[in-house]
Amino acid sequence: MNLLVLTVYLIIVALTFSKAVESLESQVVIEGNSNFLDEQLEEQELKESLEIKFKLPPSYQISDFKHLAFNLKNKSENSSIDIDWDRSSIRDFEGGGRRAIRVLDDDQEVPQKQVATILVPGESRDIKVSDEKFNDPLFDSKKLNKMIDKSEGFRLVLSIKIFKPDGKATTDSLYLQFTPKKLLWTKALYLALQPK
Numbered sequence: 001m002n003l004l005v006l007t008v009y010l011i012i013v014a015l016t017f018s019k020a021v022e023s024l025e026s027q028v029v030i031e032g033n034s035n036f037l038d039e040q041l042e043e044q045e046l047k048e049s050l051e052i053k054f055k056l057p058p059s060y061q062i063s064d065f066k067h068l069a070f071n072l073k074n075k076s077e078n079s080s081i082d083i084d085w086d087r088s089s090i091r092d093f094e095g096g097g098r099r100a101i102r103v104l105d106d107d108q109e110v111p112q113k114q115v116a117t118i119l120v121p122g123e124s125r126d127i128k129v130s131d132e133k134f135n136d137p138l139f140d141s142k143k144l145n146k147m148i149d150k151s152e153g154f155r156l157v158l159s160i161k162i163f164k165p166d167g168k169a170t171t172d173s174l175y176l177q178f179t180p181k182k183l184l185w186t187k188a189l190y191l192a193l194q195p196k
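1 is the number of the first residue of the sequence shown in my numbering; add one for each residue after it.
These aren't lab readings, by the way, just hints derived from the structure by calculation.
One or more hints might be untrue.
Claimed, not checked - Cut-off 25 Å, straight-line C-alpha distance, at most; resulting in silico cross-link-like pairs (SDA-like, lysine to any residue): (1) 53 x 178; (2) 142 x 44; (3) 75 x 127; (4) 161 x 57; (5) 181 x 75; (6) 47 x 109; (7) 143 x 75; (8) 66 x 84; (9) 164 x 179; (10) 128 x 115; (11) 55 x 145; (12) 53 x 153; (13) 142 x 161; (14) 133 x 167.
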């Protein structure tokens with residue numbers, strides 16, 4: 001009798017583990033490239049004015065990967081910073097691009113023209129960006145898996161304008177680079193054991 005119970009238990013554990021491993025196929029990790037971002041901020045002399053922190057979850061279901069989240073902070077003491085969303089875009093590794101849309105709420109419609117995000121000195125703001133297909137994933141699973149296989153990513157291109165106190169303004173394009181990766185089962189197990 002004990003052997004039968006043990007056998008049934010082991011079969012259930014094996015099936016559960018098998019289903020968990022299969023579910024990893026529909027999950028992805030999106031990593032923001034902080035080093036690439038820091039190099040650009042340095043090259044464009046923006047390090048003293050602007051800080052960007054990625055706010056990405058540990059993993060996504062591919063079907064839920066609909067936006068990118070990050071925080072923008074104006075570190076300057078006397079310059080304002082504008083993000084021109086109509087000149088910002090999301091570009092994939094194949095060279096395709098589409099308009100970046102700032103997500104204000106879940107029920108919004110795709111605007112014809114977007115209002116710029118203005119950061120006054122010292123201001124910090126959490127930002128969510130999608131494309132014109134709000135309710136669809138940013139990339140379909142086929143394209144995302146192709147990026148993973150080729151170890152290539154995509155970019156969010158931000159059009160930034162800095163207004164100095166003397167009235168002069170400079171415009172820069174800043175590239176936020178993201179790399180999709182497969183969710184390893186060890187990381188999935190670690191995430192599953194974390195308290196919610």
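Hint check results:
1. 53 x 178: 13 Å, holds
2. 142 x 44: Given that 25 Å is the threshold and the Cα spacing comes to 35 Å, the pair is violated.
3. 75 x 127: 16 Å, holds
4. 161 x 57: Not OK: residue 161 and residue 57 at ~29 Å, beyond 25 Å, violated.
5. 181 x 75: Cα-Cα ~32 Å, so violated.
6. 47 x 109: 34 Å, violated
7. 143 x 75: 37 Å, violated
8. 66 x 84: 21 Å, holds
9. 164 x 179: Given pair residue 164, residue 179 is violated - Cα atoms ~34 Å apart, limit 25 Å.
10. 128 x 115: 14 Å, holds
11. 55 x 145: 22 Å, holds
12. 53 x 153: Status holds; Cα separation ~18 Å.
13. 142 x 161: 36 Å, violated
14. 133 x 167: 37 Å, violated
Checked against the numbered hints above, the structure violates hints 2, 4, 5, 6, 7, 9, 13, 14; every other hint is satisfied.
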